[in-house]
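Protein chains in written order, with our numbering: chain F, 1 to 149; chain Z, 1 to 101; chain D, 1 to 57.
Check the hints yourself; a few may be wrong.
[Unchecked claim] Straight-line C-alpha distance at most 20 Å; calculated EDC-like pairs for lysine to aspartate or glutamate:
1. Lys28/Z to Asp39/D
2. Lys13/Z to Asp12/D
3. Lys2/D to Glu138/F
4. Lys129/F to Glu93/F
5. Lys55/Z to Asp73/Z
6. Lys63/F to Asp17/D
7. Lys4/Z to Asp81/Z
8. Lys16/D to Asp39/D
9. Lys4/Z to Asp45/D
10. Lys29/D to Asp12/D
11. Lys63/F to Asp12/Z
12. Lys13/Z to Glu66/F
13. Lys142/F to Asp92/F
14. Lys129/F to Glu84/F
15. Lys142/F to Asp26/D
16. Lys13/Z to Glu10/D
17. Lys2/D to Asp12/Z
18. Lys28/Z to Asp51/D
19. Lys57/F to Asp96/Z
20. Lys29/D to Glu138/F
21. Lys63/F to Glu32/D
22. Lys129/F to Asp92/F
23. Lys39/Z to Glu66/F
24. Lys129/F to Asp103/F
25. Lys63/F to Glu110/F
26. Lys63/F to Asp12/D
27. Lys4/Z to Glu90/Z
28. Lys142/F to Asp51/D
29. Lys57/F to Asp51/D
30. Lys16/D to Glu138/F
31. Lys39/Z to Asp96/F
[Said to hold, decoys possible] Some chain D residues flagged as far from chain Z (calculated, every beta-carbon gap over 12 Å):
32. Pro11
33. Lys16
34. Lys27
35. Ser41
Because the hints were derived from the structure by calculation, they are not lab data. For every residue, glycine included, the Cβ atom is placed at its ideal position computed from N, Cα and C.
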Amino acid sequence: MMRTTELVQKQIQILADIPNWLKKSFQMACCRHMPAVTMSAGISETANSKGVIIMSKVAVLIKNPEQQYEGLRSSLGMLLYNTEVQMFVLNDEIADMDEAYEDNMGFLDEMEGERFSNNKANVEKYGFKYASVEQIGELLRKADLVIPF
Amino acid sequence: MAGKLGILVSSDKYLEYVVNLTEAARDKGREVEIFFTGKGVLLTQSPDFTRLVGKARMSLCDVSFRALGLEGDVPGFGFKDFATQAKNAEIIKNSDRYLVF
Amino acid sequence: MKILHIFRAEPDETVKDIVVSTTNGDKSKTVELYSGEIDWSRLVDDIFSHDKVICWW
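Produce the entire structure from the sequences given, and follow the hints as far as they go.
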């Protein structure tokens with residue numbers, strides 16, 4: 001998929017300009033309007049020790065190299081909405097580690113998303129946590145929602 | 001009947017599945033909300049896409065839409081339906097079940 | 001936990017392995033959309049009667 005460099009750069013800039021304290025404030029502001037505990041998409045919301053409502057885990061599973069960037073973008077969107085996200089890149093090395101992917105990967109790390117891969121190049125070159133296919137399956141069991149890209 | 005179905009469409013291959021599932025869910029009184037992203041936005045250009053209009057709330061990723069060279073109106077879409085990935089997160093939160101095509 | 005596995009296309013070995021470890025003995029049902037013989041109304045019922053639904057590739 002062709003990425004419109006200008007649009008992507010604008011997106012990156014918007015994210016980069018938001019300081020972490022403001023991102024967290026935004027998340028907390030959103031949470032004030034949420035009911036205390038609800039079930040949605042099989043996802044339970046629970047309050048943490050500070051009373052901030054957080055959603056439980058979403059696993060984003062990416063197998064098609066053409067979908068690697070899209071999966072990363074979706075993961076970021078969910079993180080901004082107070083979702084705990086684990087992103088899994090299956091089998092293939094990141095096909096296009098360009099500025100857009102690298103910057104958004106950094107944002108995912110900053111927003112405390114987790115990223116895993118069973119491809120060792122992704123672990124060695126790009127800091128993914130290694131997980132075998134079996135381990136990935138075990139992690140998916142614990143996720144409330146699994147999104148295959 | 002309570003129970004909302006959320007659908008993420010990230011591929012341009014499965015319009016028929018999305019249409020059939022949406023129609024069946026609506027027939028059973030389930031609310032459906034669909035978010036198109038990545039290559040999924042290409043389906044908005046299909047003649048069969050209009051089968052979804054009026055049967056589901058729909059929105060799409062505007063970045064994907066423009067990145068794939070698309071422009072102009074989409075049947076059933078208002079201005080605010082050209083959205084961001086945050087909209088997908090909102091749909092996940094508000095859906096009882098969530099599928100991906 | 002009851003898991004519904006929906007396959008959009010025929011799963012490859014990686015997907016099969018992940019499905020096995022994800023299910024790990026829980027009660028599960030599979031629906032193969034690519035078979036072409038789908039009762040969509042029943043599928044909607046299955047989606048809402050299972051605790052977890054995963055729509056695989």
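inquiry  = When the structure is checked against the list of hints, which entries are broken? Sort them ascending.
reply    = Structure breaks hints 8, 13, 17, 25, 35.
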